[in-house]
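Colleague: Next come the chains, spelled out residue by residue.
2 protein chains.
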Amino acid sequence: MKSPVASLLWRSLRVYQVFGANTDVGKTIFTTLLARTAKKLWKDESVTFLKPVSTGAEDEADERLRHSVQPAHGSKGIRKSTLSPSASAAVFAYMTLLYEKPVPSDDALLAKCRGFAARCAARDNKGWLFMETAGGVHSPGPSGKTQADLYIPLRAPSVLVGDARLGGISQTISAFESLRIRGYDVESVLLFRGDTYENYRFLTDYFQENYGVPVSAVSVPPERQTQDAERDAAALENYYSSKDAGEVAAQVLEQLHDKHISRLSDLDSLAQRASRHIWYPFTQQSLVGAADIMTIDSAHGDYFQTLLPHRDRSSLSSSSPSTSPSSPLPSSAAATTAETAESATVPVLQSSFDASASWWTQGLGHSNPKLTLAAAYAAGRYGHVMFASAVHQPAMSLAETLLAGMASPRLSRVFYSDNGSTGTEVAVKMGLRAARKRYGWDARQKLEILGLKGAYHGDTMGAMDCAEPGIFNEKIEWYQGKGHWLSYPTVLCKAGRWTVTGIDGGGGLEDSAEFSSLADVFDVRAREAAGQHAPYEEYVRATLRGLQTAGRKFGALMLEPIVLGSGGMQLVDPLFQRTLVNVVRSSPHFFADKPTQQPQPPPQPETTDEQEWTGLPVIFDEVFTGLYRLGRFTPSSFLHTHPDISVHAKLLTGGLVPLCATLASESIFNTFLSPDKTDALLHGHSYTAHPIGCQVALESVREMQSMEARGEWDWAIQRGGWLNDDEQHRRQEGAKGQAQGVWSVWPRGFVEDLSRVTDRVEGAWALGSVLAIHLQDKAGSGGYSSNAALGLRDALSAGRPSGHFDDGGPWNVHSRVLGNVLYVMASQVTSETSIRQLCELLLENIQGR
Amino acid sequence: MKSPVASLLWRSLRVYQVFGANTDVGKTIFTTLLARTAKKLWKDESVTFLKPVSTGAEDEADERLRHSVQPAHGSKGIRKSTLSPSASAAVFAYMTLLYEKPVPSDDALLAKCRGFAARCAARDNKGWLFMETAGGVHSPGPSGKTQADLYIPLRAPSVLVGDARLGGISQTISAFESLRIRGYDVESVLLFRGDTYENYRFLTDYFQENYGVPVSAVSVPPERQTQDAERDAAALENYYSSKDAGEVAAQVLEQLHDKHISRLSDLDSLAQRASRHIWYPFTQQSLVGAADIMTIDSAHGDYFQTLLPHRDRSSLSSSSPSTSPSSPLPSSAAATTAETAESATVPVLQSSFDASASWWTQGLGHSNPKLTLAAAYAAGRYGHVMFASAVHQPAMSLAETLLAGMASPRLSRVFYSDNGSTGTEVAVKMGLRAARKRYGWDARQKLEILGLKGAYHGDTMGAMDCAEPGIFNEKIEWYQGKGHWLSYPTVLCKAGRWTVTGIDGGGGLEDSAEFSSLADVFDVRAREAAGQHAPYEEYVRATLRGLQTAGRKFGALMLEPIVLGSGGMQLVDPLFQRTLVNVVRSSPHFFADKPTQQPQPPPQPETTDEQEWTGLPVIFDEVFTGLYRLGRFTPSSFLHTHPDISVHAKLLTGGLVPLCATLASESIFNTFLSPDKTDALLHGHSYTAHPIGCQVALESVREMQSMEARGEWDWAIQRGGWLNDDEQHRRQEGAKGQAQGVWSVWPRGFVEDLSRVTDRVEGAWALGSVLAIHLQDKAGSGGYSSNAALGLRDALSAGRPSGHFDDGGPWNVHSRVLGNVLYVMASQVTSETSIRQLCELLLENIQGR
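Taken in order, these protein sequences are the chains called A and B. Residues 496 to 1344 in this note's numbering are what the first sequence lists, from first letter to last. Residues 496 to 1344 in this note's numbering are what the second sequence lists, from first letter to last.
Derived by calculation from the structure, the hints in this document are not laboratory data. One or more hints might be untrue.
Each pair may be met inside one copy or between any two copies, as identical chains are not told apart.
Taking lysine-lysine and the DSS-like style, the derived pairs with C-alpha atoms no more than 27 Å apart in a straight line are [said to hold, decoys possible]:
{"hint": "1", "residue 1": "K1172", "residue 2": "K1273"}
{"hint": "2", "residue 1": "K1048", "residue 2": "K970"}
{"hint": "3", "residue 1": "K970", "residue 2": "K941"}
{"hint": "4", "residue 1": "K970", "residue 2": "K1172"}
{"hint": "5", "residue 1": "K932", "residue 2": "K970"}
{"hint": "6", "residue 1": "K948", "residue 2": "K640"}
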């Protein structure tokens, strides 16, 4: 899905998609039966029958159908013409959208389907739309994507036509599962009441027990009379009009009607119920009423489907047919007000671009079938299995894949935990112990960590203690900041110029410097050769000297490489971080109070000098910036340095389930070896290395690596304007997937344009999938409590109403702000089209056009 | 699966299960072709063809097959006779196990299949076994369970025969998915090379891209000649001997052979690789070599499939046929030593009862298809979606289900996090803030929690600080115990008598008391009426008075209700915990230093008195004991009291993925309301309320509730001997699922028998699914560092070798010990049969019979 399409949900229009457990199971007959019966029961409503794509083999069946519907208005014409339903309401129409030439893209097809449904909803106050698919659930659509995958974004509730023949039990259950694992709600299973096999008996119990889904059986239709079309039509007419068929269909329709009502009432009530019973993370709930809560119906790719505000909650509930299906009396047309009618034709859902990537977790898109299948495979093979002194394939393969991907001479061990916060606590426990042993301190020695101002590593108490005191934590009872946090120079494109802003009051580092490109800022080795690191080095040394003089003891250097995310989307000058690491590593004398008392442990056989930590263990918290967020497997490659411990989460599972991996060097690991169990790293989680997480992570990491190798981000890398001449040259030489320089999915020109709106924008930067817009904060305070970005956020949230019927419906942007910074984060599968749409919307709102 | 069955894996015997994408897709023809070709290529190996169950409709196809295999030794006889393969090696045998009368249970059928395969492996040094299933993947087996579900425990790698007909693409993909999500490894897809539809072209790309699974196509077999059996047989013979069929089959066999080798070599190498690269939780890795690491191939129900130790690693790798399939030269019989031959016929895998319930997580069994489907549905519908100020159906429904299940007048809010450790940190943040506001302390006031000795709440630093100093945490750099931990009386069956042991040095509480049953111990209200709580009350009051005098300030009372798990499986006298809560609640004067300065906040409209906390907020950490672990939805029901905050994890997701819910009262929630964001509970996780976790938890909790309502534990409750007369009476009156008293899946008589082995057993208890055996610790120290239970653990780990061919193969028990305590924990679906087997094994080993 390259561009947004809103799911098919209207208050007035009940849309059901009809899938078949196999080809030739009677989809068309059942759909016709449902449509005809609906027309009988809801006389003043329109009933529409859409077949978006048709295979050649099904044309015959179509032909047969057209004898059974009325009025079949100019069917041939309609088949080739537009998707507009007739303007006259209350007409039972039959439409087929054949494959067009050229074959439409999946997006175009989805937009057409949605446009068709939107026209139905707009035309009629009330009605039914049945969309028949072609063949079985996994029969390929026009582009080759199978229909079960193709139609996910529309998320129409579904009817599955089961297979009554020999083997049909298996077909029906498997087809159901293929739909279910893609998030479809199959509301009803229909099949013929075959006498020979009686599949319906088994299936009725099966679906009731396992899913609570009703199964309905209808008698077998008359044998086809190929020689005599007229007799065939009469026999079919007879069949459709039979009491058996009519009664079953009426019952099914009533179930479907009820499901529609209950889906709407669920969606309508969720925010209210949430405001009563949910305690939200990181939220001042006195400021968040039910109206502020976003109701998410589903999500696919980069887009949520969210509930649009509405005025009327009961437009359809009054139109239920009489409850006895044997005497179907359509309800009297309730006196609907104009307002009700209007609200009923307005779509219920819109597409919302997930611009926080769901708190920075999304990599391969919401509801990615590959990840679902990976999760389900591991669930089916293992469930969860205990991991202390045990091993299973996904955990081992993931560990090896991560270690290989990091390409670090240092890292050789993988410790699994549940999330970034616990994973950084693990890293701290590792680092502090190593330093304590090396420097010969006892367990009661107060140890601190060295970090950067605005650092954030999570909300568990140990992770919080690694962050500088501030409004995040100052009121939390057990918080006690345990560290020293250095200032740092930042990078921002200001008024079109790439600027490194020095450290406020940072010992002669207050100055700014301009660079001709972000690539030049990131060319740390050239800048080092030019001596640009010297003042940084001096600043760091002076700081360490001061801390030593004050008698403070440190156990680790802990950094978020390149970007401080929660700290306000600050892009740190990479030369500074590189210098900081180098100084710490070369300066054990700043940390040891008795450097010679405790002899260094003899190097282990596997340990080369490069694996041995010096100075302090260096921890990189790559939870936010790692795994292609910034365009590369690891952001440490920008620094041309390797940590002794690194922490990976969020994108690790492609955005599906929590999992964290803390990687460490053998040197750190060896610190915990002894004959005594209590010297071990006594940390564990019940779901340590849970197979679902590991399998999904394995699939995600490998998929992202192979996307890089296949050059799937070339559109951005090549055309984004980010590469300098040298990098362009290397890419042209075929250095795909390697050393791809500094780039972003957000075009350089766009970022520079934004930054030129200087009355509103202080500066902007983009790297990898992240775009950060630092807004001018007129009120002056900046920081987390600033409101400067809220206006822009709200404008993005207003989004794009649907312009016409074929544009995929309304969409907006769900973004989060950090103080005066609004950021928009793409996933690793965001399309060029989506980026273009977002750039337009952002520029419009920021330039005030 | 009610009793263990070991998966089908031998070094010598390559077992493949053949599934069909539908009925009548050529399963039998393909299986015959593979078997015949295998016999040609591996001339000195035996090739066996097993059809465990057959449907009537398939008899015809079977009939046809029997003409194509040779020697078909007395087929009719074999069909009805035993499953013993012929004693003569190197025979291509064809066997069918028809439905027996009475219909065999699933367990019996699986044991028969395994026994058959075990005989094949024992008979021949090398060979192939092809097991053909009946119909499609989900065609029902004898018991009505579909075959895809039925055969999960055997976990034979599989070949899927695809469907070459119209609609066959869809059938093939759906069937594949049904297998995949149950953890099957489908190693090859075979189908006919139909000219009309060419499904194989599409499928070849599809399976390659999505799963890396090869697809092979063979020309269509000759039309069946129903009139002339002889001509039919000749035509088929011709077909099987054709170059096309032979070449394709040879290539497929080579792939299957390679897959077999690589599965073995993976299994063989995993422990070694893990010992090099995994950093294990809570493990002193200098004491754990590769040989100590348990390799888990898969898991189902209560059993892992674990790698048995073996002596030879390469018995089969030398038997590969020549690499060119067009000139198939079977390898010369390598000079295999007797040892190799022996090792080759020994099974590779055994069933291991997961007696720690995978660190106490397992509720509904490993690889439960219902949970898999729930997880996959949520993955397909949402992936993960951000939860701050947003809501989705699974999170909301789970919150409502938990609140309703707790049936507490206090709890009304649900905060989601990732695991028990983070969830208790959230609880602490909630409780401390509430107390601080109530008592008017400022943020820098040092607040502690009140708990029990040996308490454990997790390994993140905040959770650690809630635990008393001890060997778990004394060497951890940032650990700082923040609390006071009371002693408590414990319950144990000693020498057959249910004994409450008083508090060592606990102010006159040192005495023990005997009760006639555990039910009497748990009848806290009767005991209270008899004044038994009075000395507890006095002890608690004296303690609180002392703490107040010492100037200490407390923010919460935090308990693991009923059982302290990590603290050594201590069953606490429930009357003590009840009394402790009651005293704390009625004694605000012990906690406030200026009780009148800060007026109590006016009660909120929704807040009744019962919702308002008094004294201290009471936190129940129900992570281990909650959600039916002890036989009830919540262990607080044993205490007849309700906490203000409760924490739920582990069993919450039935043992599939990490998730935690911290429930709180409106009174606690209101503490955090203000116009200021920084007064909010500033805690959050990226995957907060991830839909997969919520959907799986919803399925799990509802399933356990409905198991209770259906009386699925009646075998234990009725026959376990736990209920007292009154409770028996109430159950007979039909009080199913309600007030089911105190019971365990471990029979009372068994527990009492164990406790009578007084030279080895100090005492034992069982409640719900937990059995704890406190062993006599001759060395004297007890506690975590004790080794008393290790001998018993190792005896259980030796387990039961396979006695004969039809017993499901070897099984053992994988248990964990806590100091001198060995515990065996069942899941909520453990069968009476498994419990009986375990009781026997335990008694044998403990009684030394």
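Colleague: Against this structure, judge whether each hint is valid.
Modeller: Tested hints:
no.: 1; hint: K1172 - K1273; verdict: between (58 Å within a copy, 21 Å between copies)
no.: 2; hint: K1048 - K970; verdict: both (26 Å within a copy, 17 Å between copies)
no.: 3; hint: K970 - K941; verdict: both (22 Å within a copy, 12 Å between copies)
no.: 4; hint: K970 - K1172; verdict: between (37 Å within a copy, 11 Å between copies)
no.: 5; hint: K932 - K970; verdict: between (34 Å within a copy, 11 Å between copies)
no.: 6; hint: K948 - K640; verdict: neither (49 Å within a copy, 60 Å between copies)
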